[in-house]
Amino acid sequence: QVQLQESGPGLVKPSLTLSLTCTVSGDSISSSSYFWSWIRQPTGKGLEWIGRIYTSGSTHYDPSLKSRVTISLDTSKNQFSLKLTSVTAADTAVYYCARAPYFYGSGTPTHFDYWGQGALVTVSS
Amino acid sequence: QSALTQPASVSGSPGQSITISCTGTSSDVGGYKYVSWYQQHPGKAPKLMIFEVSNRPSGVSYRFSGSKSGNTASLTISGLQAEDEADYYCSSYTSSSTLVFGGGTKLTVL
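Residue numbers (the working numbering), protein chains in the order written: chain S, 31 to 155; chain L, 827 to 936.
Calculated from the structure, these hints are not laboratory results.
Mixed in with the good hints there might be a few duds.
[Unchecked claim] In the DSS-like style, the derived pairs of lysine-lysine whose C-alpha atoms are separated by at most 30 Å in a straight line are:
| no. | chain 1 | residue 1 | chain 2 | residue 2 |
| --- | --- | --- | --- | --- |
| 1 | S | Lys-43 | L | Lys-870 |
| 2 | S | Lys-75 | L | Lys-873 |
| 3 | S | Lys-113 | L | Lys-894 |
| 4 | L | Lys-870 | S | Lys-113 |
| 5 | L | Lys-873 | S | Lys-107 |
| 6 | L | Lys-870 | S | Lys-96 |
| 7 | L | Lys-894 | S | Lys-75 |
| 8 | S | Lys-75 | L | Lys-932 |
| 9 | S | Lys-43 | S | Lys-96 |
| 10 | S | Lys-107 | L | Lys-870 |
| 11 | S | Lys-96 | L | Lys-859 |
| 12 | S | Lys-75 | L | Lys-870 |
| 13 | S | Lys-113 | S | Lys-96 |
| 14 | S | Lys-96 | L | Lys-873 |
[To be verified] Under 7 Å between C-beta atoms, here's a sample of chain L residues computed to sit facing chain S:
| no. | residue |
| --- | --- |
| 15 | Ser-862 |
| 16 | Phe-877 |
| 17 | Thr-924 |
Predicted model, so just to flag it, every value in this text is computed and none were measured.
Backbone N, C-alpha and C define an ideal beta-carbon position, used for all residues, glycine too.
One chain only, chain L, in its complex shape (with noise of 0.2 Å):
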């Protein structure tokens, strides 16, 4: 299974939205509602901040949101604050009953 394809990196200044997307097949994105994203700061482990396409865990800022569209999960990061400086990643359960993670975005906060 090919990892899901995203944005090697994005920056976005202070106040400002940006949105990383995760582009897969149907056989991944495409077909399930099951596509999750991660932060991870330099060091630490993943944290959750969205399952399901667009759902946000308890204690998740509601600036974090996500969607879909055919093979693409998008998600946008809304009033963009320095703390949201960190690695992305988006996962996606696949047809062969496994699980894929994309490649990771750096976001960077000019």
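Bound conformation, chain S alone (with noise of 0.2 Å):
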């Protein structure tokens, strides 16, 4: 069973970076099977792609992030992370980790069908 579990700290100040690790168990992210993105939801509101990962460390992110976002793979613990610099509290949000099925030729995710639980981050000082 495929399962995801986000970590890292709850309360950042800002301007400074928002790190989260996502450690996935029950598949290996070296997969070429599948991406693996980070997406977010503001407290009451929608949902907010950030970016993905592949197994070759590929990445790519929401234009409206990417000057500040950094995803990236540790295969030897079969985890990816998640770095986003210069945070404010707009960034204020539960955090998803998730995967999502790769097809031959596609640059984007189309769908997600394993989540992680969410971390909640809160930007303040």
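Dock the two chains into a complex; use the hints.
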């Protein structure tokens, strides 16, 4: 059974960097069949796709966050991570990691079949 | 990329059918078969209910079905049950090679 679990600080000060890790069990992030993504949801609001990484290490980010986001892989730990720089209160949200099927030639996930439980990150001084 | 448009709320009685719409443009919903629907109960992670407009993942009830006409996709839930009460979100691939979500619809089972 595939499981994803987010971890990281729940409180980040404005202008600093938000860092989260997603630990995957029941599947390998080295699999060529999936993208690994981050999605966020501000409290009481809708979902926002942040970006994805593939086993090759290639990444693709939403243009609205691209200048501040880095997603990386740690295959030895079967984890992938999110870093978001220069955070503000607008970045306060529940952050989810998720798995998306990969189709040959695709660069963007089209749907997410497994999700982590989510991690609330609050940006505040 | 603007969010897809969904009604803020819909409601129905047990046993009835309801439909939730998701309206975009020819650059997203209307241009691709990559429309998905997610169910989210309070405090829980979203759950995939429909992918590629009308496909149900294994384990999802046959009462959930999806369709698309032009720039509008729809999720229909038949035989409404109390456990269906949740928020529902649509998403679509876009011509900018990104993924956009709808604002969400709160389903109330009366």
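Hint-by-hint comparison with the structure:
no.: 1; hint: Lys-43(S) - Lys-870(L); in the structure: 26 Å, holds
no.: 2; hint: Lys-75(S) - Lys-873(L); in the structure: 16 Å, holds
no.: 3; hint: Lys-113(S) - Lys-894(L); in the structure: 36 Å, violated
no.: 4; hint: Lys-870(L) - Lys-113(S); in the structure: 23 Å, holds
no.: 5; hint: Lys-873(L) - Lys-107(S); in the structure: 26 Å, holds
no.: 6; hint: Lys-870(L) - Lys-96(S); in the structure: 27 Å, holds
no.: 7; hint: Lys-894(L) - Lys-75(S); in the structure: 25 Å, holds
no.: 8; hint: Lys-75(S) - Lys-932(L); in the structure: 11 Å, holds
no.: 9; hint: Lys-43(S) - Lys-96(S); in the structure: 20 Å, holds
no.: 10; hint: Lys-107(S) - Lys-870(L); in the structure: 26 Å, holds
no.: 11; hint: Lys-96(S) - Lys-859(L); in the structure: 26 Å, holds
no.: 12; hint: Lys-75(S) - Lys-870(L); in the structure: 14 Å, holds
no.: 13; hint: Lys-113(S) - Lys-96(S); in the structure: 11 Å, holds
no.: 14; hint: Lys-96(S) - Lys-873(L); in the structure: 26 Å, holds
no.: 15; hint: Ser-862; in the structure: 4 Å, holds
no.: 16; hint: Phe-877; in the structure: 4 Å, holds
no.: 17; hint: Thr-924; in the structure: 5 Å, holds
Hint violations for this structure: number 3 only, all remaining hints satisfied.
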